[in-house]
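Student: Sequence:
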Amino acid sequence: MPWKEPGEKPREPNEPWGTGQRPGNRPPRPGDGFDLDARLQRLRRELGPLGKGPGGLLALIAVAVVLWFALGSWTLIDARETGVVLRFGKFQRVLEPGLHLHLPRPFAQVLKVDTGRNRTVSDQLRMLTRDGQIALVDFYVQYKVADARRFLFAVRDPEDAMRQLVLEAVRAQIGTQTLAQLMDRNDTALADRVRANLQRTLDGYGSGIAVGEAGIQNISVPQEARDAQQDIGNARQDAQRMQSDARAAAAKGDADALAQSAQSRADAAAYKARTIAAAQADTARFRSVLNAYQAAPEITRQRLWQQAMQEVLGASRVVIDTTGRAVVQLPPAAAVEHAAPSPSPAAGKPKPDEDAADTAQKPQGGAP
-15 MPWKEPGEKP REPNEPWGTG QRPGNRPPRP GDGFDLDARL QRLRRELGPL
35 GKGPGGLLAL IAVAVVLWFA LGSWTLIDAR ETGVVLRFGK FQRVLEPGLH
85 LHLPRPFAQV LKVDTGRNRT VSDQLRMLTR DGQIALVDFY VQYKVADARR
135 FLFAVRDPED AMRQLVLEAV RAQIGTQTLA QLMDRNDTAL ADRVRANLQR
185 TLDGYGSGIA VGEAGIQNIS VPQEARDAQQ DIGNARQDAQ RMQSDARAAA
235 AKGDADALAQ SAQSRADAAA YKARTIAAAQ ADTARFRSVL NAYQAAPEIT
285 RQRLWQQAMQ EVLGASRVVI DTTGRAVVQL PPAAAVEHAA PSPSPAAGKP
335 KPDEDAADTA QKPQGGAP
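Under our numbering, the first residue of the sequence shown is numbered -15, with each subsequent residue one higher.
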């Protein structure tokens, strides 16, 4: 049903926009319903000349635009924040702390980034070491936003990306060391390597994030793997002890072999020296005999025969005549030596002529 203009007949009670009069001409009460026509008339009366005709509508639009620009064109950036202005979704400029003027929505949008707050990524995770053991690592990393523009647009979800990169950096460092090395660790050196690798990765992505501090709070063995880890430790100690015993036995064997080798070399050298000396003595004696034989063959032959008989008879006490006529029993060598008179000093050695005469009286041509 069309609206009723002012001055027309009163509305019917059944009209959807209410009635011009209430039943019984009673004053309006709360809850009687919303009368749009009455509200518009009241607004025109309050606006005065601005609410009448097309000019009034333009004036209302102008007032709304002014209020829109006045209220939506100012942005206050806190001292710990950095603002990023987007115009139609495209980056325009960065706002430093303070009051700034810009186009209102939807032409421009200001994104505020808290660059003064220390953000933290911390967790306690099970990680695999280089020797295949499981370590429970409690770590944390603190970081700040160094470049608000890159923080917003270089990575789709910088908070989640930062967490994933922290986990990757910690796992990479834990995986390069054994559990024993981690237990005897230097937390500062390990944390410094994590921070350096993490910052290098973030710079490669152009994330605009600066890593402040990184730390490894605790490294331990999970409770469910502690018993197995203790058994492994005992087995390793046994293996190390057996290896030490084997090395000691090998060292002792080497020392004994070296000593035996040195003794063998010394014995060989002594035997060589004795053999050479005996050979040289034999050679010298043979040469002396040869010289004597060349000088007096018969005398030398007789002397050699006497020496041979002395050696043979000196080793035997009984001599049997091959003809079977007699058996001669010689006295012991000690009795012979005791009965032999000691030579007088004045006697000296026999002269060669006397030796030659004595020898001439012996049978010629060898043994009797």
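In case anyone wonders, no lab produced these hints; they're calculated from the structure. This one's a predicted model, so the numbers in the text were calculated from it and none came from an experiment. Treat each hint with caution, since some may be false.
Pairwise CB distance ranges (calculated) [stated by the list, open to error]:
| id | residue 1 | residue 2 | range |
| --- | --- | --- | --- |
| 1 | ARG249 | VAL273 | 13 to 21 angstroms |
| 2 | ALA130 | THR160 | 24 to 32 angstroms |
| 3 | GLN227 | ALA250 | 28 to 36 angstroms |
| 4 | GLN264 | ALA292 | 18 to 26 angstroms |
| 5 | ALA173 | GLU152 | 27 to 35 angstroms |
| 6 | ARG269 | GLN244 | 34 to 42 angstroms |
| 7 | ARG177 | ASP141 | 34 to 42 angstroms |
| 8 | ASN170 | LYS96 | 36 to 44 angstroms |
With a straight-line Cα cutoff of 20 angstroms, these simulated DMTMM-like cross-link-like pairs (lysine to aspartate or glutamate) come out [stated by the list, open to error]:
| id | residue 1 | residue 2 |
| --- | --- | --- |
| 9 | LYS128 | ASP211 |
| 10 | LYS128 | ASP115 |
| 11 | LYS128 | ASP168 |
| 12 | LYS96 | ASP122 |
| 13 | LYS96 | GLU143 |
| 14 | LYS128 | GLU80 |
| 15 | LYS128 | ASP215 |
| 16 | LYS96 | ASP115 |
| 17 | LYS256 | ASP266 |
| 18 | LYS96 | GLU152 |
Glycine is no exception: its CB is placed at the ideal position from the N, C-alpha and C atoms.
Student: Verify the CB-CB distance for ASN170 and LYS96 against the hinted window 36 to 44 angstroms.
Tutor: holds (41 angstroms)
Student: LYS96 and GLU143 were given as a pair; does the straight-line alpha-carbon distance stay at or below 20 angstroms?
Tutor: Roughly 15 angstroms separates the two Cα atoms, so the pair holds.
Student: Take a quick look at whether LYS96 and GLU152 sit within 20 angstroms of each other, Cα to Cα.
Tutor: Between LYS96 and GLU152 the Cα gap is close to 29 angstroms, so the pair fails against 20 angstroms, i.e. violated.
Student: LYS96 and ASP122 were given as a pair; does the straight-line alpha-carbon distance stay at or below 20 angstroms?
Tutor: violated (32 angstroms)
Student: Has the given pair, LYS96 with ASP115, been kept, meaning a C-alpha gap of at most 20 angstroms?
Tutor: Measuring from Cα to Cα gives roughly 47 angstroms; hence the hint is violated.
Student: For the pair supplied as a hint, LYS128 and ASP211, is the alpha-carbon distance within the 20 angstroms limit?
Tutor: Status violated; Cα separation ~42 angstroms.
Student: Can you confirm whether the C-alpha distance between LYS128 and ASP215 stays at or below 20 angstroms?
Tutor: Given that 20 angstroms is the threshold and the Cα spacing comes to 45 angstroms, the pair is violated.
Student: Does the Cβ-Cβ separation between ARG249 and VAL273 fall within 13 to 21 angstroms?
Tutor: violated (36 angstroms)
Student: Given the hinted pair LYS128 and ASP168, is their Cα-Cα distance within 20 angstroms?
Tutor: Roughly 31 angstroms separates the two Cα atoms, so the pair is violated.
Student: Taking the beta carbons of GLN264 and ALA292, is their distance inside 18 to 26 angstroms?
Tutor: holds (23 angstroms)
Student: Could you say whether the range 34 to 42 angstroms given as a hint is met by the Cβ separation of ARG269 and GLN244?
Tutor: Since ARG269 and GLN244 have Cβ atoms about 37 angstroms apart, the given range 34 to 42 angstroms holds.
Student: Does ASP115 sit within 20 angstroms of LYS128, going by the straight-line distance between their CA atoms?
Tutor: Violated. LYS128 to ASP115 sits at ~35 angstroms, over the 20 angstroms cutoff.
The structure shown violates the earlier hints numbered 1, 5, 7, 9, 10, 11, 12, 15, 16, 18.
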